[in-house]
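Asker: The primary structure of each chain is shown beneath.
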Amino acid sequence: MSIPFPDLSRPEGALRSATGPYFGDFGGRFLPEALVPALNELIEVYEKAILDPEFTAELQHLAAQYTGRPSLLSDAPRFSALAGGARILLKREDLNHTGSHKINNVLGQALLTRRMGKTRLIAETGAGQHGVATATAAALFGLDCTIYMGAEDTERQALNVARMRLLGAEVVAVEQGSRTLKDAINEAFRDWVANVETTHYLLGTVAGPHPFPAMVRDFHRIIGEEARAQTIERVGRLPDAVVACVGGGSNAMGIFHAFLDDTDPTVRLIGCEAGGDGIASGRHSATITGGTAGVLHGSRSFVMQDEDGQTIESHSVSAGLDYPSVGPEHAWLADIGRAEYRAIDDGPAMEAFALLSMTEGIMPAIESAHALAGALELGRELGEDAVILVSLSGRGDKDVDTASRWFGLVGDEPARADLAALREQARSTAPAPAVPAAAAGTTDPAAASAAPATSEEGR
Amino acid sequence: MTTADTHRLRSGEVLDRARAENRAALIGYLPVGYPDLSRSIEAARILIDHGADMIELGLPYSDPVMDGAVIQQAASTALQAGTRTRHVLEAVEALSGRGGAILVMSYWNPVLAYGPDAFARDLAAAGGAGVITPDLIPDEGGQWIAASEEHGVDRVFLVAPSSPRDRLEHVVSHTRGFVYAASTMGVTGTRASVSTATEGLVERTRAAGAQNVCVGLGVSNGEQAAQVGAYADGVIVGSAFVRALLEHEGDDAAARTALAAVATDLRSGVERARA
Chain G
1 MSIPFPDLSR PEGALRSATG PYFGDFGGRF LPEALVPALN ELIEVYEKAI LDPEFTAELQ
61 HLAAQYTGRP SLLSDAPRFS ALAGGARILL KREDLNHTGS HKINNVLGQA LLTRRMGKTR
121 LIAETGAGQH GVATATAAAL FGLDCTIYMG AEDTERQALN VARMRLLGAE VVAVEQGSRT
181 LKDAINEAFR DWVANVETTH YLLGTVAGPH PFPAMVRDFH RIIGEEARAQ TIERVGRLPD
241 AVVACVGGGS NAMGIFHAFL DDTDPTVRLI GCEAGGDGIA SGRHSATITG GTAGVLHGSR
301 SFVMQDEDGQ TIESHSVSAG LDYPSVGPEH AWLADIGRAE YRAIDDGPAM EAFALLSMTE
361 GIMPAIESAH ALAGALELGR ELGEDAVILV SLSGRGDKDV DTASRWFGLV GDEPARADLA
421 ALREQARSTA PAPAVPAAAA GTTDPAAASA APATSEEGR
Chain E
1001 MTTADTHRLR SGEVLDRARA ENRAALIGYL PVGYPDLSRS IEAARILIDH GADMIELGLP
1061 YSDPVMDGAV IQQAASTALQ AGTRTRHVLE AVEALSGRGG AILVMSYWNP VLAYGPDAFA
1121 RDLAAAGGAG VITPDLIPDE GGQWIAASEE HGVDRVFLVA PSSPRDRLEH VVSHTRGFVY
1181 AASTMGVTGT RASVSTATEG LVERTRAAGA QNVCVGLGVS NGEQAAQVGA YADGVIVGSA
1241 FVRALLEHEG DDAAARTALA AVATDLRSGV ERARA
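Just so you know, the protein sequences line up as chains G and E, in that order.
For the first sequence, position 255 matches number 255 in our numbering, and the numbering has no gaps at all.
For the second sequence, position 162 matches number 1162 in our numbering, and the numbering has no gaps at all.
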């Protein structure tokens, strides 16, 4: 089988070889001097680890036996029918242990923490995916763990707070500032400065000061490397486009990276930011589409800010995309035009959430639903010969409460979308009643791939 | 050089003046715009009138990662009340020429948004001495180093107990005015005691070439000021002043009395430190 294992050795290629601290005009280390020694230590330990076969072997062992890699590549024939017939392939990071791509990075950094001789992990979390993954790694490695979460998010995501506590982590509800993810990051930095001797800050996305953007991306590179090989194996060629949601941008960098130098012909890379109530409303998290260059949380990137450089609060139905900056490598890819970034508003994202659930029996995280909505839009643009690879970064169990409220299934709030109409749309894609031998000999790729996803080779 | 420039008090001059009096300088921090612009200026005047040699005017920022709860609360109130970057420059102008050097303490993004060159220029024109940048390290400071050099503005970088020799040398070589030595690994806030390791950090920073080293974080009373003033060139106090304001919110007379009392106590501390 040709599916690659996690491998952190430095790739070649004009774009793939970028390792920071700068990505064009973006990146760097904008943080207190007190933390410079800790970042230097992290760089040193990381640079050593990626050349150490023992480290790679440990990571591969965990990937295969704990995370459940390689993750599947699933065809989505009924969902594809809604996307102008373009063939949509789903990279199933939702099937990883803990339910999202976040575990890839967490296990890598937990191994580094052990190598640095540190005994405590701290992390920020928005929706709780990264917090749960970090608490999981802390349990696995026997490390103390404190998770910072905005007080507003602990109220919205009570189940994940309980989950982290049951895994043995301490969860701190951050009451400062806007009481959301950005304030949780501020508080984690404050903890880190005070406890840096014993503590590693396990940052959960491709943002922050160097080496985090490059290192977190490297731990997620396996997503794109697997998906690229699986796509070639499945359809015999590269996809026309790769689509992923972008908050901080870790799953997107992970899946984009393998394709960065595929420019002849070009594999389009499309990041879907959270458009919230719409860019015009000002209530969104689409940092590249609607922000300006600035510094936040340790690196220079695009930031949602006012003319005085004060951070503007972001908004999204998805807590995991609700962040007013973005990883510096994305800022660079947007700047040089290698990747495109689109804003997907709350409404289309929630529709895509319901449509994938009802056409494929796969309930995506609301974050990933932004990528799915982007794929529906793109498929209609490209038509039925196109192959579109989508990063299904997480599963939607954590979002059942939010979705139930959105569609008016619980409580007194009015429905914000018509679930019955979406069900009719989903039903329209149902295959005709089975006629024996009818499927044999078909040349339609979407129909040919309609076999259940679980037939994936190698699982 | 404009006329304003020749009258502009820089931090080095103030530290020399204190040194000539065989004492450490007293440096007081207050966030601009708390409880409002005019009262924050008035509070800084009280500090100068009761013995502060320098004032650090905090530019309130939405994401202050180096600040503890007290300063966060005041800064957040100041922002909600509509404090803008230009108000900080107005405060500098209102306070300069009263015998103290006036610095601004700002996280980097507000300066970047204003334009580093424009900020240095406008600060100098307002009579300001320099800028303390808690989240800018010299490695990322090329633009700021050029701008501050061009307009004759002190640039104060920080060192910490964790800083090894090579970092100390790097920071010292890019600093103008004084080096800000953080007494502890942590954020701003009052503490029961100042670590005895701080004296070692000051010595190491001097050994790396620094002429002026001022100590901040955790100093809140005369006794601590006397202890730190024995070895540092300046003693920086923030949260103790801000706490005095927060505790007397809504009672201006009481706030003024409390501020004056804290400043007087600290000033007596730096005066007896080397007696």
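Don't take every hint at face value.
As the list claims (entries may be wrong) - Computed far set for chain E versus chain G, every beta-carbon distance over 12 Å:
#1 A1094
#2 D1135
#3 A1160
#4 H1248
What the hints assert, rightly or not - Coverage of chain G stretches by chain E, computed from C-beta distances (three or more under 8 Å per stretch; other residues unrestricted):
#5 16–30
#6 177–189
#7 306–312
Hints listed in this document are in silico derivations from the structure and should not be mistaken for laboratory results.
Glycine included, every Cβ here is placed at the ideal spot set by N, Cα and C.
Asker: Next step is simple, just say for each hint if it's right about the structure.
Answerer: We went through each hint and held it up to the structure:
no. : hint    : result
1   : A1094   : 19 Å, holds
2   : D1135   : 6 Å, violated
3   : A1160   : 3 Å, violated
4   : H1248   : 22 Å, holds
5   : 16–30   : holds (count 3)
6   : 177–189 : holds (count 5)
7   : 306–312 : holds (count 5)
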